[in-house]
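Asker: Residue strings, one per chain:
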Amino acid sequence: MPDSPLRVLIVDDEAPARRRLRDLLEDCAAALPLAIIGEAQHGREALELLQNAPVDLVLTDIHMPDMDGVELARHLLKLSHPPVVIFTTAFHEHAVQAFEVNAVDYLMKPIRVQRLLGALQKVPRLKPVSAEKLSQLPTTARRFLSVTERSRVVLVPVEDVVYLKAELKYITIRTSQREYLLEESLTRLETEFGARFVRVHRNCLAARDHIRGFERRVNDDGDAHWEVLLAGVQETLPVSRRQQSVVREMGRETAA
Amino acid sequence: MAAIIRQNPNQPALPDFRNMGTILRVLVAVNLGAAVLAIARAGQLSSAYAEWIEATGFVEPYLLLVLAVLWAASPWLSRLSFGVGAGMVALVTVVCGYLLHEVMHRLAPLAPGTLVRWIVFGLVAVAILLFYFHLRARALSPAITEARLQALQARIRPHFLFNSINAVLSLVRSDPKRAEVALEDMADLFRVLMRDNRNLAPLEEEVELCRQYLELEKLRLGDRLTVDWNVKSMPGDALVPPLMLQPLLENAVYHGIEPSSMPGTVSINLFLSRGEVHAILKNPYRTTGGNHHSGNKMALANVRERLALHFDAEASLESRVTKDAYEVHIRIPYRTEPANSATGVPTVTGPMPGADDDRQRGVSARLGMTEAARA
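Sequences listed follow chains A and B, in order.
For what it's worth, our numbering labels the leading residue of the first sequence as 475, then goes sequentially.
For what it's worth, our numbering labels the leading residue of the second sequence as 867, then goes sequentially.
These are calculated hints, taken from the structure and not from any lab test.
Among these hints, one or two may not hold up.
[Claimed, not checked] Take a look, some chain B residues computed to stay more than 10 Å from chain A by CB distance: (1) L890; (2) G909; (3) S912; (4) W918; (5) I919; (6) H971; (7) P1024; (8) F1056; (9) R1086; (10) P1150; (11) A1179; (12) S1182; (13) T1188; (14) H1195.
[Stated by the list, open to error] Pairwise CB distance ranges (calculated): (15) B/P1129 x A/A705: 28 to 34 Å; (16) A/K607 x B/V1187: 53 to 59 Å; (17) A/S609 x B/K1098: 51 to 57 Å; (18) B/G1088 x A/Q651: 32 to 38 Å; (19) B/E1203 x A/D579: 53 to 59 Å; (20) A/A615 x B/G1141: 48 to 54 Å; (21) A/A705 x B/A1191: 24 to 30 Å; (22) A/D501 x B/P1129: 31 to 37 Å; (23) B/I1146 x A/R626: 47 to 53 Å; (24) A/H699 x B/E1171: 53 to 59 Å.
Nothing here was measured: the structure is a model prediction, and the numbers come from that model.
Don't be surprised by glycine CBs; every beta carbon is placed ideally from N, CA and C.
Just chain B, same shape as in the assembly (with noise of 0.2 Å):
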C-alpha cells in the first residue's frame, strides 16, 4: 500500500518518491535553500538575483533529473535497508551531478570547482531532507496516527440510530420480515462502524455500505429520500479510507432531506478518470433549515483529514453551494490491492473470528448476501 503511512514506525524510512506530496516537499525545499545559498554568496541584495538566476541554472535541471531517477527507482529503493537506501540516493546524487556537469561543460566552459560545489550542495540537500522526512514519518508514526485516526473515525450520530432503532420497532407488528431485513442491514452497518477501519478498503464495500445506511433511512423518510446512484464507471476495486462516503450521505440526508417535508434527491456519482478516482455528492441545499445548521463542518473536515493521513497532498475534498444544490467532491488516487495479497474472494458466508483481514472479507461476503435476498 502506498499510503503516506509507513508500517514500522520506529525504523526510518525512506520516503515514497512517487507521492506528489513528496515531491513538492522536494521541490520547495531545494529551491527555498537555493535563493538562500544565492542571498548568502552575493553579500548584498542587488547582485542576489544575477547570482539566483545563475543557481536557478544547475539547481533546476539537477534536481529534475535526481527526482526522475529516484522516482524510476522507487520501487526497487522501498525493498532496501534505510542504511543502504539512504547510501543509494546519495550515489544517484553524485552521479547525477557528475554527468550533468559533464553535459553543461561541454555545452559551455564551467568554472574549476563547479562539480565540486554541485554535488556539496546536493548531498547537504540529500541529508538534510532525509532527515525532514524521517521527522515527518516519526511525527505520523503510526502510534500517534492510530490513535488520531481513531479519533477521527466517523461516529455515526445517535439521533440516527434511536430514529432507526424506532423505525424498526414501528415495522415489528405490521411487516415483520421487512423490520427483519432493516435490521440485518443495522447489523451490517454498526459492524462496520465498530471495527478496526484503519486499513483502506475497497470502494464497492463502502458503496455497499452507503446503499443499506440508505435503505435504513428510507424506511423513515419514505418518499421525502429520492436516491440516485451512478456508479456505471466506478473502480469497485479502488481502495478508499472505510467510511469514507457514509458521513457525507449522513450529512447530506439530515441538511438536505430531513428539514424540508417536500421530496428531495440525494445523488451518487463514482468514476474513474486519469488515474483517479472521483465521488461527487449532491444533496439540495436548503437555506431554511430550521435547527439544522449547526456541526456540518464536523463530518467534512473528519473525512478530509483522514485522506490526508492516507494520501497527502494527492487526495482533495472539496464542497460547493450552487444555486439550489450543495455539492462535495473527493479526488483520490486510484490504488488497489497488490496482487500478491490478492488471494481471492473467501467462500466464507459468516463473520469469522480472527484476524482483523478475515473479518473486513467475512462482512463483504455478508454484505453481499443480504443484497442477493433482496434482490
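Looking at chain A on its own, in the form it has when it is part of the complex (with noise of 0.2 Å):
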C-alpha cells in the first residue's frame, strides 16, 4: 500500500522534544506522505492511544517516567499490529551499544532531518523488534505485565501482582481483584523482577510484600507442608520441599 500516508505516533516527555520531532516531521512529509497520528508523553500513554488509532510507526524516547521507551516496545508487540518502533535517545552509552549490537533503530537527539527521512524510508520494510532482542537491551524490569484480552492490550502493575503461577502453557496473574493469563516463562519472570518476587515452588513465584506468614498444614495421609498465607487473596501457595528455605528466612523477617 505505497499510497497511503505513513501513520506515526510521537512519544516523549518533554514537550519541546515532541515538538522539534513534530517539526521535522512535517519537513519529511514532501518527500513521504505522512501523518502524525498523536503525541503522548509516556509510555503508558502512548499504549492507550494506540489501542484505538493503529499506526505504522512509533517513535519513542527511551528515558521517560511511568513506562520507559523499552517497555513500551515490549507491550506493543501484544497488539493485533504491532507498529515498527524507532528510539530516539539523547545520549545513552550502554543502550546504543546494546542498539548497535542488537541491530535495533534507533535515532540519536538532536536528531537530522535526512536521517529521520532515511528511516521512514526504511520502516515499510521493517518488522517490529522480537521481545527476544528487547529483552537484551539494557532496562531495568517492567513496571506492568501485559495480557491481551478481547485483543486489547490490558497493563497489570506489577506491584499488584500477589503472585504469578505457572498453570500448563499460560502463567495466571494473581492480583487482589482478578486473575489474568500471561504467555511468558516463568523462570524468566523470575530473573527480571528478581527480590520482588520468590519462588516457593516450581511453578511459583509468590510476592514478597503479599506475603503475610506460613503456616505448617499436615495432610490426610500425614505428611506436612508449608502453605504461604498471602495479603489480599484467599487462598494460600503450597511450598515445595525443595523451597523450604524460604520459610525460614521468611519466617524470621515476618515474625520481627
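Mind assembling these two chains? They're in different frames, but the hints should get you there.
Answerer: As C-alpha cells, then:
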C-alpha cells in the first residue's frame, strides 16, 4: 500500500522534544506522505492511544517516567498489528551499544532531518523488534505486565501482583482483584524481577510484599508441609520441599 | 585564602594554626604521644594508668596554652619564612613550658628536673608535628592536588547537554527569542564548566550559574520542575569551591524530577549562621525511580572530596532521606576575599582573554547582564 500515508506516533516526556520531532516530520512530509496520529508523554499514554488508533511507526524516547521506551516496545508486541518502533535517545552509551549489537533502530537526538527521512523510508520494510531482542537491551524490570484480552492490551502493575503461577501453557497472574493469563516463561520473570518475587514452588513465584506468613499443614496421609499466607487473597500457596529454606528466611522477617 | 592548600609546593610552610583540622590533629597526636610515654615509663600496665593521669596534669594545660598562643599569633607567623617560623614555634613552646612550670610550681612544689622533661617533650612534639605537617602539605601539594581537582571537576551529564541542545532546537522556529536566551545560558554554563575551577569563587556566582542551569532544565521539563529559592540571608561574598551546588542540583533534577510525570519542587536554602555558610538542597525522593537509581553517589563524593581539599575538617556534606524528600546539607566556614585583592567590580562587559582572575570576573559581569536583560 504505497499510497496510504505512513501513520506515526510521537512519544517523549519532554514537550520541546516532541515539538522538534513534529517539526522534522512535517519537513519530511514533502518527500514522503505521512500522518502524525498523535503525541504521548510516556509509554502508558502511548499504549492507550494505540488501542484505538493503530499506527505504522512509533518514535519513542527511551528515558521516560512511568513507562520507558523499551518497556513500551515490549507491550506493543501484544497489539494485533504491532507497529515498528524506532527509539530516540539523547545520550545513553550503554543503550546505544546494545542497539548496535542487536541491530535495533534508533535515532540520536538532536535528530537530523536526513536521518529521520532515511529511517522513515525504511519503515515499510521493517518488522517490529522481537521480544527476545528487546529483553537484551539494558533496561530495568518492567513496571507492568501486559496481557491481551478481547484484542485489547491490558496492563497489570507489577506491584499489584500477589503471585505468578505457571499452569500448562500459561502463567496465571493473581492480583487481589482478579486473575489474568500471561504467555511468558516463569524463569524469565524470576530473573527479570529478582528480589520482588520469591520462588515458593517449582511452578510458583510469590510477591515478597504480599507474604503475610507461613502455616504448617498436615495432609490426611500424615505428610506435613508449609503454606504461604498472602495479603489480599483468600487462597494459600504450598511451599515445596525444595524451597523450604524460604520459610526459614522469610519467617524470621515476618516474625520480626 | 586560608584554605588547606598552600600556594608554594616546594617550600615547607607552617600549618594554618587556626584550622580546625590542624588543631584536631595536634591534640590527637600529642595525647597519643603522652599516653605512649606514660606506658613506657611505667614499665608495667598496672601503674601505667596512674602515670598517665599524672602526665595529663601537665600535658593538657601545656598543650592548650601553646595552641592558644599559636592561634593568636597565626597571622603573624604565616608571614615568616619556614625556618624563622619554626624557630618561633619552638620558642613559644619553651616559654610556655617555663611559665606554666613557674605557676604550677608555686601551687604545688614539683620534683627537680620536671621543667627540662616538659620542655624536651614539648620540643620533640613540635619537631615531629612540624615534620608531619610538612609531609602532609607535600602530599597535598598543588601539583598533586591540582591533578586531583582537575579529575574531580564536576562533569556535566552528556544526557543533559544533548537534551538541552534538542530543547533549544525545538524553540528555534517557534520562539527564536527564547532560543537565543537559552543558548546564552548554555554558553555561560559551559564557560564555567570548562574554565579552570581550582580557586574558590564567590557564592553569588555559583548561585547565578545554578539559576541558569535550572532555567535550561525548566525549558525541557516545563511544569514538572518548580524551583524554590531561599537566598535572602545568603552571604553572597562567601568563597566556595566553584560548582559546589550545580552538580547537586543536577542530581536533584535527575533523580527527583525526571523519573516522575508528576510535578516536583527542588528547594535551595542558603544562609549564614555562626560564621558558617549553610546550603540545604531538597528534592522529592522517588522510590519507584525506574533506571535512574545508579550513579547517584558520584556527584556527592566529588563535591565532598573537593570540600575536604579546600577546607579539610571545617566543611561537611551530609545527605539524608526523609519520608518523601532527599536532602543534602553543606556546611563550610565563612571566608571572604581579603580586602587588598578586592579591587571592586570591574566594568568589563564581555569575556576577556588574559589572566584567570580577569576571565572569571568577566563572566560574572556577563552573568549579571543576562539576568538584567531577562528581568
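Asker: So is B/R1086 really clear of chain A, every C-beta pair being over 10 Å apart?
Answerer: violated, 5 Å
Asker: Determine whether the Cβ-Cβ distance between B/G1088 and A/Q651 falls within the hinted range of 32 to 38 Å.
Answerer: holds, 35 Å
Asker: Using the beta carbons of A/A705 and B/A1191, state whether their distance is inside 24 to 30 Å or not.
Answerer: Holds, at about 28 Å.
Asker: Assuming the hint says 31 to 37 Å, is it satisfied by the Cβ distance from A/D501 to B/P1129 or not?
Answerer: Holds, since A/D501 and B/P1129 (Cβ atoms, about 32 Å apart) stay within the stated range.
Asker: Mind checking the hinted window 51 to 57 Å against the Cβ distance between A/S609 and B/K1098?
Answerer: This hint holds: roughly 52 Å between Cβ atoms.
Asker: Report holds if the minimum CB distance from B/F1056 to chain A is greater than 10 Å, and violated otherwise.
Answerer: Non-interface label stands for B/F1056: nearest chain A Cβ at 15 Å, farther than 10 Å.
Asker: Checking the smallest CB distance to chain A, is B/P1024 really beyond 10 Å?
Answerer: violated, 4 Å
Asker: Please verify that the nearest CB of chain A lies beyond 10 Å from B/P1150's CB.
Answerer: holds, 12 Å
Asker: With d taken as the least Cβ-Cβ distance between B/G909 and chain A, does d exceed 10 Å?
Answerer: Holds: least Cβ distance 52 Å, greater than 10 Å.
Asker: Honestly, do B/P1129 and A/A705 meet the 28 to 34 Å range at C-beta?
Answerer: This hint holds: roughly 32 Å between Cβ atoms.
Asker: A/H699 and B/E1171, beta-carbon distance inside 53 to 59 Å?
Answerer: holds, 55 Å
Asker: Mind verifying the non-interface call on B/W918? Its CB should be farther than 10 Å from each CB in chain A.
Answerer: Since the minimum Cβ distance to chain A is about 45 Å, B/W918 lies beyond 10 Å and the statement holds.
The structure fails hints 7, 9 and 16 (numbered hints given earlier, in ascending order).
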